[in-house]
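Assembling the complex is the task here: the two chains are given apart, and the hints tell you how they should meet.
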Amino acid sequence: EPEVTQTPSHQVTQMGQEVILRCVPISNHLYFYWYRQILGQKVEFLVSFYNNEISEKSEIFDDQFSVERPDGSNFTLKIRSTKLEDSAMYFCASSETAVGNYGYTFGSGTRLTVV
Amino acid sequence: DAKTTQPPSMDCAEGRAANLPCNHSTISGNEYVYWYRQIHSQGPQYIIHGLKNNETNEMASLIITEDRKSSTLILPHATLRDTAVYYCIVRVAFDQGGKLIFGQGTELSVKP
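As they're listed, the protein sequences go chains L and X. Residue 113 in the numbering used here sits at position 73 of the first sequence, and the numbers go up by one each step. Residue 82 in the numbering used here sits at position 48 of the second sequence, and the numbers go up by one each step.
Honestly, the hints are just simulated from the structure, not real lab data. Remember, predicted model here, so these are calculated numbers, not experimental data. Cβ coordinates follow ideal geometry from the N, Cα and C atoms, glycine included. Hints may be right or wrong, so weigh each one.
Claimed, not checked - A few chain L residues that face chain X, going by a derived Cβ cut-off under 10 Å, partial list only:
1) Glu84
2) Phe85
3) Ser88
4) Ala133
5) Ser148
6) Arg151
Claimed, not checked - Result set (EDC-like, lysine to aspartate or glutamate): computed pairs, CA atoms no more than 20 Å apart in a straight line:
7) L:Lys123 to L:Glu58
8) X:Lys37 to L:Glu99
9) X:Lys133 to L:Asp102
Claimed, not checked - Derived DEER-like restraints, expressed as beta-carbon distance ranges:
10) X:Ile108 to L:Gln54: 43 to 49 Å
11) L:Arg62 to X:Glu141: 28 to 34 Å
12) L:Leu124 to X:Gln76: 21 to 27 Å
So here's chain X without its partners, still in its complex pose (with noise of 0.2 Å):
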């Protein structure tokens, strides 16, 4: 089962930042947090990840607490095409074996 909870789903308007919370309460010490997004059954595409500090990259920000049981998500400026499925999945950083596990995700709909 999926280690992370994330809300069902979020809107947010075009333009706005859109922010996407996750708890993982029981992260261990060594898992870091990973973000991915599915755009309409499409191949689910990388956005981030971070083990404690807090990552920016040319798609979003990735925002951890301190205590690690928690993180957000940040699309700076949302656009329609943001419009997707948001996963956020903890894992291993040295598990060999490349699993993912998905969880329902967060249903972001960006609006005019």
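With the rest of the complex left out, here is chain L (with noise of 0.2 Å):
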């Protein structure tokens, strides 16, 4: 079964430093999200790309934040100045259609340490 990979799965940074989390979508999915999960906290909706631009972003993904679809595999979230709250597990997620019909797909996620 296709699977959404993510790199790396634990990457700890000393606050201030910038961080780039990497994501490989399932090859045929055209829309992509990023949403995170502080520890003990829900599931949040960070991002959303289509057609190399961002469709829709939460208040959360604020000029820290970034997302690059670099070479039409990979899709990338880069968070700028990290800060001890950006401690997280962040999760990428793609689809076939913008609604999802046949559900999103989300990787296993990469869990941040800032320090």
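Here's what the structure looks like:
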């Protein structure tokens, strides 16, 4: 069964450093998403991306965050200057259609720890 | 905020049916009911979705009341691997943004 692949699985970074989280969506999917989950809290939507531009973003997705699809296969989330409160699991997801008729496929996540 | 209400936790005996309720009393006519689950901090996994008819797939059945104000996810023969947090989510069918609003979900514990 096709999978969404995320790397790395764990990342530890110093506060103020830039991090890039990487995702390889399912190959025929056109819509891409990032969600995050702070330990013990709900899964939160960050951003959706289609046709090389952001479709929608949440209040969490401020100027410190950016997304990119640099080469037609990877989908990245960059945090420019990490803060302690950015520590969370970050999940990438993709779907064939905008409305997710067949559901969204999530990756296994990257656990980001900011120290 | 999530537009659904679910019990925070439930237990189920292995091999028995697990029936997970969800209230969505303010659901609109163009909103679908989706169910996802999350096994121990892994990425959420799609289970099933429906509009007003009951739905069944290889994982589960979804029963939606006639007034669409509540639904029940049924795992017909629960196994230990079904222990997870189950999320009921309502969203507009033609929302292009792809945003899923997760609540706290129901933590299902399947016990031997």
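Hints and how they fare:
no., hint, verdict
1, Glu84, "holds (7 Å)"
2, Phe85, "holds (5 Å)"
3, Ser88, "holds (4 Å)"
4, Ala133, "holds (7 Å)"
5, Ser148, "holds (5 Å)"
6, Arg151, "holds (8 Å)"
7, L:Lys123 to L:Glu58, "holds (10 Å)"
8, X:Lys37 to L:Glu99, "holds (19 Å)"
9, X:Lys133 to L:Asp102, "holds (17 Å)"
10, X:Ile108 to L:Gln54: 43 to 49 Å, "holds (48 Å)"
11, L:Arg62 to X:Glu141: 28 to 34 Å, "holds (30 Å)"
12, L:Leu124 to X:Gln76: 21 to 27 Å, "holds (24 Å)"
The structure shown violates none of the earlier numbered hints.
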